[in-house]
Amino acid sequence: MLCNWGPHTAFQILQDKGAEIPPEVKMIRIPCTGRISKSLLFKAFEMGADGVALIGCEPGACRYGSGTAAARENTQDMREILGLLGLGKERLRLATFLPDDSELLLQFLKNFCRDIQSLGKSPLALGKATKPEAASKELLSDIISSHDVYACQDCGKCSSTCPLALSGKDFSPRALASSIIAGDLDSSYVNEDVWACLTCGLCYDRCPSGINFPEFIRDARRFFKKAGVDGREAHGGFFQSLMRAMSSPKIKTERWTWLPDNIKLDHESKVLFFGGCAPFFDVFFRHHLSVQTSDIIVDSLRLLNFFDIKPALLKDERCCGHDLLWSGDQENFLRLAKFNVDLIHSLGIKEVVTSCPECYRTLKHDYTNYGLELKFKVTHIYDFLEKEIDKGAVSFKKIDKKLTFQDPCRLSRLEQKADLPRMLIKRLKGDRFQEMPDSKAAAICCGNSAWTGCDSFSKALQVKRLRQAHGTGSDLLVTACPKCQIHLKCAMEDPFLGDELSMEMMDLTSLIAKTICWE
Amino acid sequence: MTDKHKKSKKEIIITGFGGQGIIMAGRILGRSAALGDRKESVFTQSYGPESRGGACNAQVVISEEPIRYPYVRHPDILICMSQTGYEKFIMQMTNETILLIDQDLVHLTLNKCDSFSIPATRMAEELGRKMMANIIMLGFCTTITKVVSIDAALDSVADSVPKGTEETNIRAFKKGFDYGLAILKGRDRKAVGKTGAV
Numbered sequence: 001m002l003c004n005w006g007p008h009t010a011f012q013i014l015q016d017k018g019a020e021i022p023p024e025v026k027m028i029r030i031p032c033t034g035r036i037s038k039s040l041l042f043k044a045f046e047m048g049a050d051g052v053a054l055i056g057c058e059p060g061a062c063r064y065g066s067g068t069a070a071a072r073e074n075t076q077d078m079r080e081i082l083g084l085l086g087l088g089k090e091r092l093r094l095a096t097f098l099p100d101d102s103e104l105l106l107q108f109l110k111n112f113c114r115d116i117q118s119l120g121k122s123p124l125a126l127g128k129a130t131k132p133e134a135a136s137k138e139l140l141s142d143i144i145s146s147h148d149v150y151a152c153q154d155c156g157k158c159s160s161t162c163p164l165a166l167s168g169k170d171f172s173p174r175a176l177a178s179s180i181i182a183g184d185l186d187s188s189y190v191n192e193d194v195w196a197c198l199t200c201g202l203c204y205d206r207c208p209s210g211i212n213f214p215e216f217i218r219d220a221r222r223f224f225k226k227a228g229v230d231g232r233e234a235h236g237g238f239f240q241s242l243m244r245a246m247s248s249p250k251i252k253t254e255r256w257t258w259l260p261d262n263i264k265l266d267h268e269s270k271v272l273f274f275g276g277c278a279p280f281f282d283v284f285f286r287h288h289l290s291v292q293t294s295d296i297i298v299d300s301l302r303l304l305n306f307f308d309i310k311p312a313l314l315k316d317e318r319c320c321g322h323d324l325l326w327s328g329d330q331e332n333f334l335r336l337a338k339f340n341v342d343l344i345h346s347l348g349i350k351e352v353v354t355s356c357p358e359c360y361r362t363l364k365h366d367y368t369n370y371g372l373e374l375k376f377k378v379t380h381i382y383d384f385l386e387k388e389i390d391k392g393a394v395s396f397k398k399i400d401k402k403l404t405f406q407d408p409c410r411l412s413r414l415e416q417k418a419d420l421p422r423m424l425i426k427r428l429k430g431d432r433f434q435e436m437p438d439s440k441a442a443a444i445c446c447g448n449s450a451w452t453g454c455d456s457f458s459k460a461l462q463v464k465r466l467r468q469a470h471g472t473g474s475d476l477l478v479t480a481c482p483k484c485q486i487h488l489k490c491a492m493e494d495p496f497l498g499d500e501l502s503m504e505m506m507d508l509t510s511l512i513a514k515t516i517c518w519e
Numbered sequence: 001m002t003d004k005h006k007k008s009k010k011e012i013i014i015t016g017f018g019g020q021g022i023i024m025a026g027r028i029l030g031r032s033a034a035l036g037d038r039k040e041s042v043f044t045q046s047y048g049p050e051s052r053g054g055a056c057n058a059q060v061v062i063s064e065e066p067i068r069y070p071y072v073r074h075p076d077i078l079i080c081m082s083q084t085g086y087e088k089f090i091m092q093m094t095n096e097t098i099l100l101i102d103q104d105l106v107h108l109t110l111n112k113c114d115s116f117s118i119p120a121t122r123m124a125e126e127l128g129r130k131m132m133a134n135i136i137m138l139g140f141c142t143t144i145t146k147v148v149s150i151d152a153a154l155d156s157v158a159d160s161v162p163k164g165t166e167e168t169n170i171r172a173f174k175k176g177f178d179y180g181l182a183i184l185k186g187r188d189r190k191a192v193g194k195t196g197a198v
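Chains as they are written, first to last, in the numbering used here: chain H, 1 to 519; chain L, 1 to 198.
Any given hint could be a false lead.
[Stated by the list, open to error] For the chain H half of the interface with chain L, some residues (derived, Cβ under 10 angstroms), not all of them:
#: 1; residue: Leu289
#: 2; residue: Lys391
#: 3; residue: Val394
#: 4; residue: Lys398
#: 5; residue: Ala513
#: 6; residue: Lys514
[Stated by the list, open to error] Below, a list of computed lysine-lysine pairs in the DSBU-like style, where the Cα atoms sit at most 35 angstroms apart:
#: 7; chain 1: L; residue 1: Lys9; chain 2: H; residue 2: Lys401
#: 8; chain 1: H; residue 1: Lys364; chain 2: H; residue 2: Lys440
#: 9; chain 1: L; residue 1: Lys9; chain 2: L; residue 2: Lys112
#: 10; chain 1: H; residue 1: Lys426; chain 2: L; residue 2: Lys190
#: 11; chain 1: H; residue 1: Lys377; chain 2: L; residue 2: Lys9
#: 12; chain 1: L; residue 1: Lys190; chain 2: H; residue 2: Lys398
#: 13; chain 1: L; residue 1: Lys174; chain 2: H; residue 2: Lys364
#: 14; chain 1: H; residue 1: Lys387; chain 2: H; residue 2: Lys514
#: 15; chain 1: L; residue 1: Lys88; chain 2: H; residue 2: Lys426
#: 16; chain 1: L; residue 1: Lys130; chain 2: H; residue 2: Lys398
#: 17; chain 1: H; residue 1: Lys398; chain 2: L; residue 2: Lys9
#: 18; chain 1: L; residue 1: Lys185; chain 2: H; residue 2: Lys401
#: 19; chain 1: L; residue 1: Lys185; chain 2: H; residue 2: Lys402
#: 20; chain 1: L; residue 1: Lys88; chain 2: H; residue 2: Lys514
#: 21; chain 1: H; residue 1: Lys401; chain 2: L; residue 2: Lys190
#: 22; chain 1: H; residue 1: Lys391; chain 2: L; residue 2: Lys88
Read the hints as simulated data drawn from the structure, not as lab findings. All C-beta atoms, glycine included, are put in the ideal place defined by N, C-alpha and C.
Kindly generate the complete structure, drawing on both the sequences and the hints.
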């Protein structure tokens, strides 16, 4: 990708001279390297590129001032993500040239092509985007009847509890359901709202007919995806791209390279720790939110070690597929699921422990719901911890903070395990623990679940949630899902509200790991 | 533990209030050694004013060889579930005695020997029956002292408790057993100076 301004001139000089530009170079003219987001950089790989060079102007020569700096951050982050993904950092490079530097540019392109050739073909096998097919009406009517959406009594309890509707969005689960039943599939309202739903499950909790609205939306998205409706993916669809990329058969992720040395692992162990995508999140949000969600993974491993469990890790663990499943891409979800299950079975694993509520839900229920047979049991780290701590002889150091807790929707509502984290919190020695007004199964969502439909209304509900957290008079917000951390942190950075919302956050696993000790 | 201890017999005193299941615990311990572990064992229970309430105690001797004297003079293992019981036997402890106490019921006044504490009664209450504190204590004693094997102890718990309560009593036993494991693990970690997770 070549910036319109400086380097493009250099490139044209090469063309005018008839210089031997390597034939595999496919030049794409762009307005400024600063505008090439991480998701666009990754899209190039998803579309089949073996290497990508982002070529811009020298730092002082950027026509827009900050373009080169932004490009530098983006490429740095992307290179790290490519590394974790097992694609190799070297496949992405940033270079800057002045208009006169045509010879240097030629040299760079030759070197780059040579390096990429030595790396070989990209292992990503998803060159072609799936063509929108005529999504069959039968699929949709199957989805409607399998969730018995016809049983909707139109009572409106869903709309009166939906956190999106309560934050002012013109959104109603029952209206959406009846529009879909009525076949009003092309209306902009349906096409937009089917992606706006947070799938947090509050409406399902209240529905007198027991319609599982989040799962209905999940399956309906599959239909709309097939019909070619834009999925309104957040962050330019980066995370969906990333997870699709992980479903390529040849990819070998290298997601554990950063683990501290003092973590004790045992590759023969029959207990496996499934980490989840936190390392990718941390790199992606590094310059924006500086979240540290991979601490949750490290602290989980430390806690397993604390109780003398040396777990195995999947060397090339892939995403569990949660986000693809919940954003309508069932095909790639199933591919991921199969890869993971086969790999886990090949190691003879008896128990899989995970700290991510989404991985837990997906591994435990969705894999079997979609026909995979599991020869291992799935345990959430909280279940493990509660069992071990209950045996006694451990205590906790004092925490000089007042605690409150943000429920993760996957654990508290979809898995109905709201009491589990609370049992652990009550064991901790915080100054006190105060629930927010909406808690346990009634808790308000952190604002997003499958990286779709983030908008000003989901932001408004996050603000509301953080105000509730402040209202408890607490100074430490305990979370239990990496995404709660990311989304609430994002809301705290609201420039109009300044510091009003800021609050220290820590994951429950980390809080336990930091304070637990043998008596 | 030294070789001398391994070879020689084990003398055990269990003490507490009448009604705590002290005698029962002693009998289970003796049975597990005799029937399960195929050792010799002798069990005597206090019979005197104490059997009308107040402090009571059970004495068990376990040995590989025939036992010629049934009473305990200096216990190798002393299990205390009441303060008066503890105070009564304080003078009979040696510095090699292993002392096991219910930490909520006994306050240690003398640091003569190695002691291990467990909130047995509290744990039994959490399990739903205060009566089971003795069984929890037995489980705890099994891990800490290894005086009987776990299988032998489990079998004799199941055989000795009232019909219909076997399952809950086994659960109580395991609770005490696991607590003992955790205590020993904690001691090991402390010994190497690593008590936290981070």
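Consistency of the hints with the structure:
1. Of the supplied interface hints, the one on Leu289 (chain H) is violated, with its beta-carbon coming no nearer than about 23 angstroms to a beta-carbon of chain L, more than 10 angstroms.
2. The interface hint given for Lys391 (chain H) is met, as the beta carbon of that residue sits about 4 angstroms from the closest beta carbon of chain L, less than 10 angstroms.
3. For the restraint placing Val394 (chain H) at the interface with chain L, the shortest Cβ-Cβ distance is roughly 7 angstroms, inside the 10 angstroms limit, so the hint holds.
4. Taking 10 angstroms as the C-beta contact cut-off toward chain L, the hint placing Lys398 (chain H) at the interface is violated, the least distance being around 13 angstroms.
5. The interface hint given for Ala513 (chain H) holds, since its Cβ lies 5 angstroms from the closest Cβ of chain L, which is under the 10 angstroms cut-off.
6. Because the closest C-beta pair between Lys514 (chain H) and chain L is about 6 angstroms apart, less than 10 angstroms, the hint holds.
7. Of the pairs offered as hints, the one joining Lys9 (chain L) and Lys401 (chain H) is violated, with about 53 angstroms between alpha carbons and a cut-off of 35 angstroms exceeded.
8. Only pairs whose Cα atoms come within 35 angstroms are accepted, and Lys364 (chain H) paired with Lys440 (chain H) is accepted, the gap being roughly 21 angstroms.
9. Taken as a hint, the Lys9 (chain L) and Lys112 (chain L) pair is honoured in the structure, with Cα atoms around 21 angstroms apart against an allowance of 35 angstroms.
10. Using a Cα cut-off of 35 angstroms, the hinted pair Lys426 (chain H) and Lys190 (chain L) holds, with the two alpha carbons roughly 25 angstroms apart.
11. About 45 angstroms separates the Cα atoms of Lys377 (chain H) and Lys9 (chain L), which puts this hinted pair outside 35 angstroms; it is violated.
12. With a C-alpha separation of about 19 angstroms, the suggested pairing of Lys190 (chain L) with Lys398 (chain H) holds against the 35 angstroms cut-off.
13. The suggested pairing of Lys174 (chain L) with Lys364 (chain H) holds, with an alpha-carbon distance near 28 angstroms, which does not exceed 35 angstroms.
14. Of the pairs offered as hints, the one joining Lys387 (chain H) and Lys514 (chain H) holds, with about 19 angstroms between alpha carbons and a cut-off of 35 angstroms not exceeded.
15. A C-alpha spacing of about 39 angstroms is found between Lys88 (chain L) and Lys426 (chain H), which places the hinted pair above 35 angstroms, so the restraint is violated.
16. For the proposed pair Lys130 (chain L) and Lys398 (chain H), the alpha carbon gap of about 30 angstroms is at most 35 angstroms, so the pair holds.
17. For the hint linking Lys398 (chain H) to Lys9 (chain L), the alpha-carbon distance of about 45 angstroms lies beyond 35 angstroms, and the restraint is violated.
18. At most 35 angstroms may separate the alpha-carbon atoms for a hinted pair to count; Lys185 (chain L) and Lys401 (chain H) meet this at roughly 29 angstroms.
19. This hinted pair checks out: Lys185 (chain L) and Lys402 (chain H) have alpha carbons roughly 31 angstroms apart, not beyond 35 angstroms.
20. Our distance criterion of 35 angstroms between C-alpha atoms is broken by Lys88 (chain L) and Lys514 (chain H), whose separation comes to about 43 angstroms.
21. With a CA separation close to 27 angstroms, the supplied pair Lys401 (chain H) and Lys190 (chain L) stays within the 35 angstroms bound.
22. At roughly 31 angstroms between alpha-carbon atoms, Lys391 (chain H) and Lys88 (chain L) fall within 35 angstroms of each other, so this suggested pair holds.
Violation of the numbered hints given earlier is confined to hints 1, 4, 7, 11, 15, 17, 20; the remaining hints are satisfied by the structure.
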